[in-house]
Amino acid sequence: MADAIKAMTSRERVLAALNREPVDRTPVCNPTSVATVELMDLVDAPFPQANREPELMARLAATGYTELGFDTIMPVFSIIQESSAIGCKIQWEQKDNWPTVKMREPIWETADDIKIPADLCTHPDTKCVTEAIKILRKEYGDEVAIIGKTMGPWSMGYHCFGVEPFLLLSLDDPGKTKLCLDRMKEATVDFGIAQAEAGADAITLPDHATGDLVSGEYYERYLRDLHIEFAERIPIPIILHICGRTVDRMEYIAQTGMHAFHYDSKNKPAESMAIVGDRISLVGNINNPETLFSKGPEEVSAEVRENLEAGVQLVGPECAIPLQTAVENLKAIPQTVRDWHKNIA
Amino acid sequence: MAEIGDIANAFIRSEIEEFLERPKEIEHMVNMFAASSERMQNIAAALIDGDNGACDELTKGALDDGVTALEVMDDGLIAGMGIVGIKFRENFIFVPEVLACARAMKAGMAYIEPILSASGVEPIGVAVMGTVKGDLHDIGKNLCIMMLRGSGFVVHDLGVDVSPDDFIEAIEEHKAPLLGMSALLTTTMPNMGLTIEAFIDEGLRDDLRIMVGGAPVTQEFADDMGADGYGKDAMACVELARSLMADIRAG
Amino acid sequence: MAQTLDIGRRIELVSMDRHFHDISLGLYRLDGNDGAEFLVHSYSGLAGVPGRVAFVTEAMKTMGGLVAAENGRLRFPCGSEHNRGVRRVFLDICKLAPDEPPAARELNVFDPKADSTVTVTAYAGGRYTFAADKDTDKSATRTGAIANGIVKLAETTLEDDTTVSFDCGHSHDVLVAQLLPRAINVRAAVREQEAAASRGVLAAPSQQE
Numbered sequence: 001m002a003d004a005i006k007a008m009t010s011r012e013r014v015l016a017a018l019n020r021e022p023v024d025r026t027p028v029c030n031p032t033s034v035a036t037v038e039l040m041d042l043v044d045a046p047f048p049q050a051n052r053e054p055e056l057m058a059r060l061a062a063t064g065y066t067e068l069g070f071d072t073i074m075p076v077f078s079i080i081q082e083s084s085a086i087g088c089k090i091q092w093e094q095k096d097n098w099p100t101v102k103m104r105e106p107i108w109e110t111a112d113d114i115k116i117p118a119d120l121c122t123h124p125d126t127k128c129v130t131e132a133i134k135i136l137r138k139e140y141g142d143e144v145a146i147i148g149k150t151m152g153p154w155s156m157g158y159h160c161f162g163v164e165p166f167l168l169l170s171l172d173d174p175g176k177t178k179l180c181l182d183r184m185k186e187a188t189v190d191f192g193i194a195q196a197e198a199g200a201d202a203i204t205l206p207d208h209a210t211g212d213l214v215s216g217e218y219y220e221r222y223l224r225d226l227h228i229e230f231a232e233r234i235p236i237p238i239i240l241h242i243c244g245r246t247v248d249r250m251e252y253i254a255q256t257g258m259h260a261f262h263y264d265s266k267n268k269p270a271e272s273m274a275i276v277g278d279r280i281s282l283v284g285n286i287n288n289p290e291t292l293f294s295k296g297p298e299e300v301s302a303e304v305r306e307n308l309e310a311g312v313q314l315v316g317p318e319c320a321i322p323l324q325t326a327v328e329n330l331k332a333i334p335q336t337v338r339d340w341h342k343n344i345a
Numbered sequence: 001m002a003e004i005g006d007i008a009n010a011f012i013r014s015e016i017e018e019f020l021e022r023p024k025e026i027e028h029m030v031n032m033f034a035a036s037s038e039r040m041q042n043i044a045a046a047l048i049d050g051d052n053g054a055c056d057e058l059t060k061g062a063l064d065d066g067v068t069a070l071e072v073m074d075d076g077l078i079a080g081m082g083i084v085g086i087k088f089r090e091n092f093i094f095v096p097e098v099l100a101c102a103r104a105m106k107a108g109m110a111y112i113e114p115i116l117s118a119s120g121v122e123p124i125g126v127a128v129m130g131t132v133k134g135d136l137h138d139i140g141k142n143l144c145i146m147m148l149r150g151s152g153f154v155v156h157d158l159g160v161d162v163s164p165d166d167f168i169e170a171i172e173e174h175k176a177p178l179l180g181m182s183a184l185l186t187t188t189m190p191n192m193g194l195t196i197e198a199f200i201d202e203g204l205r206d207d208l209r210i211m212v213g214g215a216p217v218t219q220e221f222a223d224d225m226g227a228d229g230y231g232k233d234a235m236a237c238v239e240l241a242r243s244l245m246a247d248i249r250a251g
Numbered sequence: 001m002a003q004t005l006d007i008g009r010r011i012e013l014v015s016m017d018r019h020f021h022d023i024s025l026g027l028y029r030l031d032g033n034d035g036a037e038f039l040v041h042s043y044s045g046l047a048g049v050p051g052r053v054a055f056v057t058e059a060m061k062t063m064g065g066l067v068a069a070e071n072g073r074l075r076f077p078c079g080s081e082h083n084r085g086v087r088r089v090f091l092d093i094c095k096l097a098p099d100e101p102p103a104a105r106e107l108n109v110f111d112p113k114a115d116s117t118v119t120v121t122a123y124a125g126g127r128y129t130f131a132a133d134k135d136t137d138k139s140a141t142r143t144g145a146i147a148n149g150i151v152k153l154a155e156t157t158l159e160d161d162t163t164v165s166f167d168c169g170h171s172h173d174v175l176v177a178q179l180l181p182r183a184i185n186v187r188a189a190v191r192e193q194e195a196a197a198s199r200g201v202l203a204a205p206s207q208q209e
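Protein chains in written order, with this note's numbering: chain W, 1 to 345; chain B, 1 to 251; chain D, 1 to 209.
Errors might be hidden in some of the hints.
Said to hold, decoys possible - List of simulated lysine-lysine pairs, DSS-like, C-alpha gap at most 27 Å: (1) W:95 to D:113; (2) D:113 to W:295; (3) W:266 to B:87; (4) B:232 to W:102; (5) D:113 to B:175; (6) B:106 to W:102.
Since the hints were derived computationally from the structure, they do not count as laboratory data.
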């Protein structure tokens, strides 16, 4: 029972939940960004600079813990750091928008074009991440869980080949597709290890084989075995992130040995827990555009409670939150978790 | 009312039997394919199968043998995309398969479009589509465009990161009555509202029908910003476009 | 130490104020002693932010008809929220350059689509009637559309084709005047009008769904 466990630090709580061990209360976890324009203003760390300068990155990321009350700090707000290091063209945008890869100007066409540069982890945009993690570790010690992020090869395929060419390749030539994934996976592993060595406690691994684009069978065919390999090679717990409807691939995901799956609001908490059982922790799944962005704390609380009642191990937003999300909506998440645990004690 | 046995092409018959469930859609498809020639059914089958080589060859062959471009487009390519759209909607196929079918359609349309342009045949509708300023995502938009073209619309694709001025310029240039905007990020959704306001300021809003879509967009948001319609996916986009074109024609 | 504040519920946001160093500006709603209150707030610590916030706050009074409440807050005299209206006023004001003095609008608007001017007359109890200066079919339709536009933008009730009223029963002349220019282009209002007009009309089979 939770109330028989002595009070844990945020870090202890998150690591226990990732291992499906007893916790004093459900941790509030942010495996993707909780940066907002108001938090940027609060600590004077706006985008795009906060994606490129370690001090700003660390300062903005820390607000998730110091201001919002989450049990995690995740400094990698976007999904473009290693793509930038690999050579993709990036549109850095401005304060109230995300930096994005220019996928309509892909840098690779064939498997032979794939080159992971030797300085992948020391390029300014990847080094920004490892330096930010070091700053946070030094600042917060073992108090809070620091989560890094390394992109999976499927997502890297979108960035480097372009979404449509990569998806067509997956249909036209599965063998070539697997070869491409195999070559790109080294970037995932290298950057993941670099963040572990910098002090990250866990790592989010977005690999967007989403139900909106590809079938569950695709996940099994192309990614499951790679994800098993990542779980073996990356020395810290992995939180897999795939957007969209994914119940049809959760069985395969649960087989990978990764610690957790960060799941989207298109999947119900109870149905998702029923599929994965005790093989993998779930993180999620508060709706971003319709709830966190558009509604208020009461609606946010309702979705938090639905996750808690289903036994989801770590509660948080379903994905990187909209940059205009209101602070009170985000604060409602840990507040609801605390209230819920008080009521069931 | 025709029967499925009246359809000569076995692949088309099996597609209808295996993947169509709504009675009205089954009736419509059976009647349509039964009324078309086996040659057109073969083109549709090649498209549904994502075989762009066969689609190319069969389309060219039909045109060379005197079949009209309009018949090849309507009874071959568009008919085939109709089945593809239903299969996609029902999650029997996913985006990679749709891309392959669209590629096949494009191969056939490469022969058809010049003929139709030269003959001045009016399309079902003309639309300008783009992803709004600050947003580089386009797969959703592109799927909508594929489905619209697959339904007989002419679509001018402005790509991504499109400013309000660029949308206005394109609408004026192409004299398009229909505008479609996509956004995948909540950060860029407001640019839809800004674009609509820009059309209002230019005095162009009244003659235009504006539809919006994208993962974070909702009906409520679309209504709030003054769009004429919201499409939750590519098939809904096509239905919406048809209904907005009917609205325009009704004056 | 936490620096985010418990200042109610944010109902509107300008994420990058183009007129002041791209700061974010929020409009927050709180419960006051006499009803809904509003607070303009920015988390930015840049020099001059209080001045920008003060400018927007004062302009909300001039252009929205709000009055001062305690602690820098604002309220409508009636105590009601008028959520849509107050958000629209806030957004309009944030578009003003600092050297552009805020000014209340008149209760009339030129409608280019009918080539006529629509004047709004205020009556007691928060009622407003709309009338065009031309007597044509087009202007009659457009006047109704503009009234419907105010229904949508100000959350008023439509009493008849050209009369709206605030449920709070209080006057909001300044607010209505501010919303008028936008009301001439509210397409949803037009669609609602058309839907209302077609109710009870037998449609030919080819026009039926």
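The hints, checked one at a time:
1. Simply put, residue 95 (chain W) and residue 113 (chain D) have alpha-carbon atoms about 39 Å apart, too far for the 27 Å limit, and the pair is violated.
2. As the CA atoms of residue 113 (chain D) and residue 295 (chain W) are separated by approximately 36 Å, the hinted pair breaks the 27 Å bound.
3. For a cut-off of 27 Å, the pair hint linking residue 266 (chain W) to residue 87 (chain B) stands: about 20 Å separates their Cα positions.
4. Annotation: proposed proximity of residue 232 (chain B) to residue 102 (chain W) holds, straight-line Cα distance about 25 Å (limit 27 Å).
5. Between residue 113 (chain D) and residue 175 (chain B) the alpha-carbon distance is near 20 Å, which keeps this suggested pair within the 27 Å criterion.
6. Restraint check: the Cα-Cα separation between residue 106 (chain B) and residue 102 (chain W) comes to about 24 Å, which is no more than 27 Å; the hinted pair holds.
Taken one by one, the earlier hints fail for this structure at numbers 1 and 2, listed in ascending order.
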